Structures are given as C-alpha cells and as structure tokens.
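So you can see what is in the structure, the chains are spelled out below.
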Amino acid sequence: MVTASAVDANLDRIWHVLNEIQDPEIPVLSLVDLGIVRGVDLQGDSVTVRLAPTFAGCPALHVMQQAVRDRLHGLGFADVKVETVLDPPWTTDDLSPTAREKLRGFGLAPPRRPAAEAALRLEDPVACPHCGSLETDLRNAFGSTACRTIRYCRSCRQPFEGFKPI
Amino acid sequence: MNDEMRRAAAAYVLSLGDDEMILSHRDSEWTGHAPILEEDIAFANIALDEMGHALLWYRLHAELVGEDPEAHPDRLVYRRKAAEFRNTPLVEGPKGDWARSILRQFLFDSAELVRLAELSRSAHAPLAAVARKILTEERYHDRHTRAWVRRLGLGTDESRRRMQRALEELWPLVPDLMGQRPEEALLVAAGICPPADVVQESWEADVIPTVQAAGLRVPTESVPSGFNRFHHTPDLDELLAELQSVARLEPSEAVW
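Chains A and B are the protein sequences, given in the same order. The opening residue of the first sequence carries number 336 in this note's numbering; numbering runs sequentially from there. The opening residue of the second sequence carries number 80 in this note's numbering; numbering runs sequentially from there.
A couple of the hints might just be wrong.
[Stated by the list, open to error] Interface residues of chain B toward chain A, partial, derived using beta-carbon atoms under 7 angstroms:
id: 1; residue: W109
id: 2; residue: H112
id: 3; residue: A113
id: 4; residue: P114
id: 5; residue: I115
id: 6; residue: L116
id: 7; residue: E117
id: 8; residue: I120
id: 9; residue: N124
id: 10; residue: M130
id: 11; residue: R211
id: 12; residue: K212
id: 13; residue: T215
id: 14; residue: D221
id: 15; residue: H223
id: 16; residue: A226
[Unchecked claim] 25 angstroms max Cα-Cα, derived SDA-like pairs, lysine to any residue:
id: 17; chain 1: A; residue 1: K416; chain 2: A; residue 2: N354
id: 18; chain 1: A; residue 1: K416; chain 2: A; residue 2: S479
id: 19; chain 1: B; residue 1: K174; chain 2: A; residue 2: S479
id: 20; chain 1: B; residue 1: K174; chain 2: A; residue 2: T480
id: 21; chain 1: A; residue 1: K416; chain 2: B; residue 2: A196
id: 22; chain 1: B; residue 1: K174; chain 2: A; residue 2: C393
id: 23; chain 1: A; residue 1: K416; chain 2: B; residue 2: W250
id: 24; chain 1: A; residue 1: K416; chain 2: B; residue 2: G145
id: 25; chain 1: A; residue 1: K416; chain 2: B; residue 2: D153
id: 26; chain 1: A; residue 1: K416; chain 2: B; residue 2: K174
id: 27; chain 1: B; residue 1: K174; chain 2: B; residue 2: W250
Simulated from the structure, these hints should not be mistaken for laboratory data. Note that the structure is a prediction, hence the values are computed from the model and not measured. Cβ atoms here follow ideal geometry from the backbone N, Cα and C, with glycine treated the same way.
Same shape as in the complex, but just chain A (with noise of 0.2 angstroms):
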C-alpha cells in the first residue's frame, strides 16, 4: 500500500529535481524559476508533468523537456510524461522573485511588469544589470536569443541584454 505521506515524498523529489533542471540558455534558472512547470500529476510510478512553453520557438524547450523525462526516470519512475499548456500562455510575470534577482546577476535585465503593458513600452528604459542606472536605450527588439532585447547603458558605457516582456 502507498501511503499518503510517500506519495508527499515522491513529489518533495520530483520538485526538487524540476528545480535543478537549468535553462540551456540562460542557466542560472531552473523550471521552477522560470515559472514554466504547471502541474505535475503522480499515479504509482506513472509522473506527469505539465509544462508550458515560454518563446514559441525556443530551442530550449526540447531540451528541457528531455531533461525532465531523464532526470525523473532516473529518479526511478518508469513511466513519465511532459505534456504542453498552452492556456493560460506563459508570460514573463510567471518568472519568480528568484528568477528576477538571478536574471540580474547573469547579467541580463529583467523585464518589466506588468508584461502586456511592458511589451507595448519596450522603449522605456530598463535598470542597467551592471550599475543599477536607468539611463539606458534600447538597441534591438531583437536579441540572442528568441528571449531577448539588446540594451546601451549611458552611465557605465556598456551594452547589456534585456529579458524580452511577453
């Protein structure tokens, strides 16, 4: 028999590995930083976890799926499911309080909230990940990566990236 409080382990885990699964593109965020894991379902051995995608067509995502079916396998459970929700779409205000204090520290600056209306205000300035100024432009709406704005910061003289608002 399964008890209740086995069951609590068996996801305490699962959560903690969904937790150590980084971003290939912007590793210092795990799933569960970025907000992206909506569900995760546990019947016996059976998992399955319910992400949602951030960009479209973000590489990242396959890996970070694959991750998942690896990393809980290897926790042992024999049959594990990712599934896809699309409703409600992923938005960057889904990134944690952690995801933010990390973004800055990576370098990247994060976006601003509320998203819709920061999205429509991509020219507004963003603070500077290096040194906190404000006087900073934005260069491209485009980036990197599908995530990410290129920024100019006036004070410190340096270009930064910026987490794109969706």
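For chain A, the structure is supplied; the task is to place chain B on it using the hints.
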C-alpha cells in the same frame, strides 16, 4: 465537433501553419545576408518565432486528425509535395531585396494580428489558446516591420522606389492572403474562425493609411496573380527542394 467540422478545422489550421512555416524559411534566408547586423539578428529571430508558431498549428492539426503531435509536424514539413502545401503564395516567393522582404513581412504580420485577435475568441478552445500564445510574440514582428515600412518609404529616393516596386509586385497576392478559404463557411457558422471579410476590413483600415503615410501609392487595380493556396508558383518547388534536401536523402522515417 462532428467529423465534417473537424476536417474543416484541420484544413484551416493547416493553412495557418503552412503560412508560418514557408515564410519562416524565406526569412531565414536573410541570416548572414541582412543589410545591417541588427537586422540580421532581427530576421533570424522572426524566422525562429514563425517556425515556433508553425509548430503550434501543426500540433493542433495532429490533434484534429488523430496523429501523434510529436511526429506529425516533421512529416508535414519534410514529406509533403508542393501541391499538398496550403500556404498562400505571398509567403513562398523569393526574399527579393530588403524592401520586398520588409513589406511582405509587414503585410503578413498586420493580417496575422487581426486574424489572431479574432481567433483568440474562437469557439474551439484549443485553437483560441494557440492564437493567444502566438499573439504575444507576433506584436513584436508587427512593431518592427511597421517601423521599417515608414523608414524606407520616407527614406531616400532609392528606398522609396524599391518599396513602391515591392508594393506593386506583392499587391496582387493580397486577395489570396485575405480571401475566404473553402472550409470557412462551416467554421464561421460555428464561431470557430472569423469571416474573411471582417478580417480584411480591419486589415485595410489599418494597412492602407499606414502605407500611404509612408509615402507609397496603394495600387488601385491589380491583376489577380492566378495563384492560390491550391495552385502554387514554381517558387515553392524550389523552396522545398532546399528545405527538404536532407529529408529526401533519407526517405525512411528518420527522427530529426
């Protein structure tokens, strides 16, 4: 949803996916060739986004026709012949010069925004969910290409001349982009997709003044191209020969 409605929805969704996929491939041809580095980055990103959108539509198509959503998109892209693609001819033509690519992308993105806003209220919930997801990204494309239409239209004599030429060349392809699809009547009646004329009206109210404000003349009459979603230009064959070149070397079901 009965079988007839399901088939109609599948056909509609396939055309949306094919538009995104074929345009994505044309956009990707600018990678390493765009006039400035920033635009190289921008167009590579737009191409990637459009491919992601195609994937979402193809996965929805898989659900509607009862196929595996993981394997189905690759089969659709790599295993079909040109005659089986349902994209509109606007997206399949060569990238041309920068003016032509910018204008095509703007005509497409602006139409996309109107259509997606309507589809996000679709009576078929999975279709509405895909539309809402894509809409969050598509706004960035529209914003970008709209700014470029203005910049080139109001730029130098040369940039305006090229934009005007692009407008005259692409305008005959607009009726098929905006036009009613065979499956549409059934879907409109069920509230699954918007009527083509509603999309076209909102689109024209936005695009015509935008193009005029960029100093360009909208062609008053244009000869229909004679091509449509069922009758493609030879450009699509040429595009697929490249896109499918590796897949054609390995006719078995390779996993990419």
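Here is what the structure says about each hint:
For B/W109, the shortest C-beta to C-beta distance to chain A is roughly 12 angstroms, which exceeds 7 angstroms, and the interface hint is violated. Checking B/H112 against chain A: minimum C-beta separation of about 16 angstroms lies over 7 angstroms; hint violated. The interface hint given for B/A113 is violated, since its Cβ lies 11 angstroms from the closest Cβ of chain A, which is over the 7 angstroms cut-off. Taking 7 angstroms as the C-beta cut-off, the interface hint given for B/P114 is violated, the closest approach to chain A being about 14 angstroms.
A hinted interface residue such as B/I115 counts as satisfied when its beta carbon comes closer than 7 angstroms to some beta carbon of chain A; here the least separation is about 10 angstroms, so the hint is violated. For B/L116, the shortest C-beta to C-beta distance to chain A is roughly 9 angstroms, which exceeds 7 angstroms, and the interface hint is violated. Taking 7 angstroms as the C-beta cut-off, the interface hint given for B/E117 holds, the closest approach to chain A being about 5 angstroms. Hint status for B/I120: holds, given a least beta-carbon distance of 5 angstroms to chain A, under 7 angstroms.
Checking B/N124 against chain A by beta carbon gives a least distance of about 4 angstroms; that is within 7 angstroms, so the hint holds. The interface hint given for B/M130 is met, as the beta carbon of that residue sits about 5 angstroms from the closest beta carbon of chain A, less than 7 angstroms. Interface restraint check for B/R211: the shortest CB-CB distance to chain A comes to about 5 angstroms, inside 7 angstroms, so the restraint holds. Satisfaction of the interface hint for B/K212 is found here, the shortest Cβ-Cβ separation to chain A being roughly 4 angstroms, below the 7 angstroms cut-off.
Interface hint status for B/T215: upheld, as the beta-carbon distance to the closest one in chain A is roughly 4 angstroms, under 7 angstroms. Hint on B/D221 is violated. Least Cβ distance to chain A is approximately 11 angstroms, over the 7 angstroms limit. Because the beta carbon of B/H223 sits about 6 angstroms from the nearest beta carbon in chain A, less than 7 angstroms, this interface hint is met. With a least beta-carbon distance of about 9 angstroms to chain A, the hint placing B/A226 at the interface is violated under the 7 angstroms criterion.
Our distance criterion of 25 angstroms between C-alpha atoms is met by A/K416 and A/N354, whose separation comes to about 17 angstroms. A C-alpha spacing of about 31 angstroms is found between A/K416 and A/S479, which places the hinted pair above 25 angstroms, so the restraint is violated. About 23 angstroms separates the Cα atoms of B/K174 and A/S479, which keeps this hinted pair within 25 angstroms; it holds. Restraint check: the Cα-Cα separation between B/K174 and A/T480 comes to about 23 angstroms, which is no more than 25 angstroms; the hinted pair holds.
Taking the CA atoms of A/K416 and B/A196, the gap is about 32 angstroms. The hint is violated against a cut of 25 angstroms. For the given pair, B/K174 sits about 24 angstroms from A/C393 by alpha-carbon distance, which is consistent with the 25 angstroms threshold. With a CA separation close to 47 angstroms, the supplied pair A/K416 and B/W250 exceeds the 25 angstroms bound. In summary, the hint linking A/K416 to B/G145 is supported, as the alpha carbons are separated by about 19 angstroms, within the 25 angstroms threshold.
Proposed proximity of A/K416 and B/D153 is supported: the alpha carbons are some 20 angstroms apart, at most 25 angstroms. For the hint pairing A/K416 with B/K174, the CA-to-CA distance comes to about 41 angstroms; that exceeds 25 angstroms, so the pair is violated. A hinted pair counts as satisfied when its Cα atoms are at most 25 angstroms apart, and B/K174 with B/W250 qualifies at roughly 15 angstroms.
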